[in-house]
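Asker: Put together the whole structure using the sequences plus the hints.
As a plain string of letters, each chain reads:
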Amino acid sequence: MITQLTQTTHWTDVFKTTKGAIYQCDAERCWYVDFAGKVARFDYRCLLKLRKSVYHIDIEHALLNTAKDPDVEIIFICACDHCYVLTLIQIIALKELLEGTFVMLELNRILNDKLVISQ
Amino acid sequence: MKDLLRIKSLISAEIEGLLNQQVKKEAYSSSVYLSMASWCNRNGYDFSADYFFKQAEEERTHQLKFFKYILDMGGNSLSPEVSGIKQEYNSFREVFEEALDQEISVTNSIKNIYARCMKEQDFVTMEFLNWFLKEQREEEYKARRALELFEVIGEEGTGRWQIDKQVGEIKYNSEA
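If you read the sequences in order, they're chains A and B.
Under the numbering used here, the first residue of the first sequence is numbered 822, with each subsequent residue one higher.
Under the numbering used here, the first residue of the second sequence is numbered 67, with each subsequent residue one higher.
It is worth saying that the hints were derived from the structure and are not from the lab.
Mixed in with the good hints, there may be bad ones.
[To be verified] Straight-line alpha carbon distances no greater than 30 Å define the calculated BS3-like cross-link-like pairs of lysine-lysine that follow:
{"id": "1", "chain 1": "A", "residue 1": "Lys-859", "chain 2": "A", "residue 2": "Lys-840"}
{"id": "2", "chain 1": "A", "residue 1": "Lys-873", "chain 2": "B", "residue 2": "Lys-185"}
{"id": "3", "chain 1": "B", "residue 1": "Lys-185", "chain 2": "B", "residue 2": "Lys-134"}
{"id": "4", "chain 1": "B", "residue 1": "Lys-90", "chain 2": "A", "residue 2": "Lys-916"}
{"id": "5", "chain 1": "A", "residue 1": "Lys-840", "chain 2": "B", "residue 2": "Lys-68"}
{"id": "6", "chain 1": "B", "residue 1": "Lys-68", "chain 2": "A", "residue 2": "Lys-916"}
{"id": "7", "chain 1": "B", "residue 1": "Lys-120", "chain 2": "B", "residue 2": "Lys-177"}
{"id": "8", "chain 1": "A", "residue 1": "Lys-873", "chain 2": "B", "residue 2": "Lys-90"}
{"id": "9", "chain 1": "A", "residue 1": "Lys-889", "chain 2": "A", "residue 2": "Lys-916"}
{"id": "10", "chain 1": "A", "residue 1": "Lys-916", "chain 2": "B", "residue 2": "Lys-185"}
{"id": "11", "chain 1": "A", "residue 1": "Lys-870", "chain 2": "B", "residue 2": "Lys-185"}
{"id": "12", "chain 1": "A", "residue 1": "Lys-859", "chain 2": "B", "residue 2": "Lys-90"}
Answerer: Okay, structure coming up:
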């Protein structure tokens, strides 16, 4: 687990909600996901895998499920150091955080493209 | 802020998803043609069986082209699962009718990816897809020509034997 205190490189805010935040570190070419009480480092592949696994959770089905199992999802990503054990409310929050992040990254791509064209 | 997604991959996640779907479609086509080859062979239509064996091979080549392109562009190619292949056909003609349907569906799917590329201004993938668009002209022509043989020769008497022989001769050599 990484805490903000050990941060030595510059992080740029990508997207923030009241439940968490995602930062980008240009020097390390990675993202830091501050969510569920920990800050975890994700490289390109792992961030995409995280998005895929969160998007694949059928929230509606879980909400309507009346079984007595606890409403907890384990998000385990292959070849990635981190694992999340989240409640449904947290999953909705993480999904929102990731959706916002990818919109911002897309916006960043558009801006970068425009800058290259105008140079 | 650096565009890290772009550094890692030339194609967007949406295009990557569509291309992976196409990999699956081509794999499915290849399996369908193999099943058609088997049916034709079992029923004594050897020239048509050879034609479908060739088609199955071509679809496999197309699948690998898409597969390798995704990897070359920094994406993640997914090896597809193929299931639900029809093994039996009611008639010789039905085999060719379904072959044409299959090709039309592939053409539509490629057009759909092309449309998405235009929207994103992904000219690199558009250029890659041009080869497939041209290839589909040939594929659809051949499938349509095979069906045409049923009309012009007719299935009565030794008709099906004639059609089978002619299917082996179908070629597309347009210069356009």
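Asker: The structure should be examined with respect to each hint, and the outcome stated for every one.
Answerer: Against the structure, the hints come out as follows:
no., hint, verdict
1, A:Lys-859 x A:Lys-840, "holds (12 Å)"
2, A:Lys-873 x B:Lys-185, "holds (23 Å)"
3, B:Lys-185 x B:Lys-134, "holds (23 Å)"
4, B:Lys-90 x A:Lys-916, "holds (28 Å)"
5, A:Lys-840 x B:Lys-68, "holds (25 Å)"
6, B:Lys-68 x A:Lys-916, "holds (23 Å)"
7, B:Lys-120 x B:Lys-177, "holds (24 Å)"
8, A:Lys-873 x B:Lys-90, "holds (19 Å)"
9, A:Lys-889 x A:Lys-916, "holds (24 Å)"
10, A:Lys-916 x B:Lys-185, "holds (26 Å)"
11, A:Lys-870 x B:Lys-185, "holds (25 Å)"
12, A:Lys-859 x B:Lys-90, "violated (38 Å)"
When held up to the earlier numbered hints, the structure conflicts with hint 12 and nothing else.
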